[in-house]
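Trainee: Here is how the chains run, residue by residue.
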Amino acid sequence: MDKKLIKKLIKNEFGEFLHTEGFVSKSETLFLKVTPDNVLHIINFDLGSIGFTCAIAMQPLYTFEHTKVVSLSMGERLSRFRIVQKEWWSYDEPEKGVSEIKELLIKNGLPWFEQYGTPFGIVEFIATGKVKEYGLKLFDSFHQKQYLGFSLLYTGRIDEGIKCIYELISEISDTAAEFILTYKGQLVDLITQIKNQPDKTLIIIDDIVKENKRCLKI
Amino acid sequence: MAKGRSGFFSGTAGSGAEGAGKTMQQTLQELADDINANTSGNGPVVGTNKHSQFKAKVDALGNTNLKTEQTFLNGQPVSYGTKGGVRVDVIEYHPNGTVTVYDLKTGGATLTQSRITQIQNAINPTNPSSVIVIQIK
Chain V
1 MDKKLIKKLI
11 KNEFGEFLHT
21 EGFVSKSETL
31 FLKVTPDNVL
41 HIINFDLGSI
51 GFTCAIAMQP
61 LYTFEHTKVV
71 SLSMGERLSR
81 FRIVQKEWWS
91 YDEPEKGVSE
101 IKELLIKNGL
111 PWFEQYGTPF
121 GIVEFIATGK
131 VKEYGLKLFD
141 SFHQKQYLGF
151 SLLYTGRIDE
161 GIKCIYELIS
171 EISDTAAEFI
181 LTYKGQLVDL
191 ITQIKNQPDK
201 TLIIIDDIVK
211 ENKRCLKI
Chain F
1001 MAKGRSGFFS
1011 GTAGSGAEGA
1021 GKTMQQTLQE
1031 LADDINANTS
1041 GNGPVVGTNK
1051 HSQFKAKVDA
1061 LGNTNLKTEQ
1071 TFLNGQPVSY
1081 GTKGGVRVDV
1091 IEYHPNGTVT
1101 VYDLKTGGAT
1111 LTQSRITQIQ
1121 NAINPTNPSS
1131 VIVIQIK
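From first to last, the protein sequence lines stand for chains V and F.
The opening position of the first sequence corresponds to residue 1 in my numbering, with each subsequent residue numbered one higher.
The opening position of the second sequence corresponds to residue 1001 in my numbering, with each subsequent residue numbered one higher.
Fair warning: there could be bad hints in the mix.
Computed, partial: chain F to chain V, Cβ under 7 Å [stated by the list, open to error]:
#, residue
1, A1056
2, D1059
3, E1069
4, P1077
5, Y1080
6, G1107
7, T1110
8, Q1113
9, T1117
Treat the hints as calculated values from the structure; they're not laboratory data.
These numbers come from a predicted model, not from an experiment.
Note that the Cβ used here is the ideal one computed from N, Cα and C, for glycine as well.
Work the whole structure out from these sequences, hints included.
Mentor: This is how it looks when you write it as structure tokens:
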């Protein structure tokens, strides 16, 4: 397998194309787009041991996180996004694989970003049960509540957002890892602050956005 | 059938029954048995080769509840090579929200408690016991 060749093909096939779609190349295998309302659109290629694949994901930058990384939680590999096929494309036919990925991105990926890649879209996607319909296995209950809660806050539905984040907090078990228990305490503090001073919500959220952007270097 | 070398369990929920009365663990153990029977030699290169064959066979099953070679960091699925991330061979998603990880071990390697804890905290640190880790040998 020649990973350099795959990276070159990715650059040739996607570099200019994604640039016109508003994406910026963060590395040879990662393309990101920050929307005006602070949702990160992610296109990530993984070059694995048995082949290569491409995942798409969305990440609300107004979500208070315990770990600040580009997360593929709300996403899926294009080979399993609204369709079912082998997860990996073979290194034996790199051109064919890259071309098929591009087709799937145009057919299923970019329209998903377009339709649901906003704070309001994320609320609709989660609240109306689209997660199952689109086959997002990685998007677990915890992250659904987290993204829904903060999207509700961001879109001004403060009471519903607070309720959702309390549900998120209740999902954290006593046997959770230490850093998650710390995060739980931080969430309680954050939500108490918003509850007591709802007019400060946007200022608080704005600080979260700034911190996430700083950590992700975007 | 599994040859009695797998089954290092951790967690509470069991894996789902497959078609023909087989559990997923049995199905994956059979794949590993087949690879072991047809791949001779020892050492890291052979181990890597067996891992690749195993993941390719799992991928070929076309089971949408199974994912191969996914990396996790602190409960988040992340891109390959993310610093501090833990990459699992095979992960099975169950309808009740629990997951089972199948960790292929080759040669003299075995699944240790520290590896189980590492995997559980990487995949679901909010409720680590919801992640079952099973050794396939």
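Trainee: Run every hint past the structure and note whether it holds.
Mentor: Comparing the hints with the structure gives:
| no. | hint | result |
| --- | --- | --- |
| 1 | A1056 | holds, 5 Å |
| 2 | D1059 | holds, 5 Å |
| 3 | E1069 | holds, 5 Å |
| 4 | P1077 | holds, 4 Å |
| 5 | Y1080 | holds, 4 Å |
| 6 | G1107 | violated, 17 Å |
| 7 | T1110 | violated, 21 Å |
| 8 | Q1113 | violated, 15 Å |
| 9 | T1117 | violated, 9 Å |
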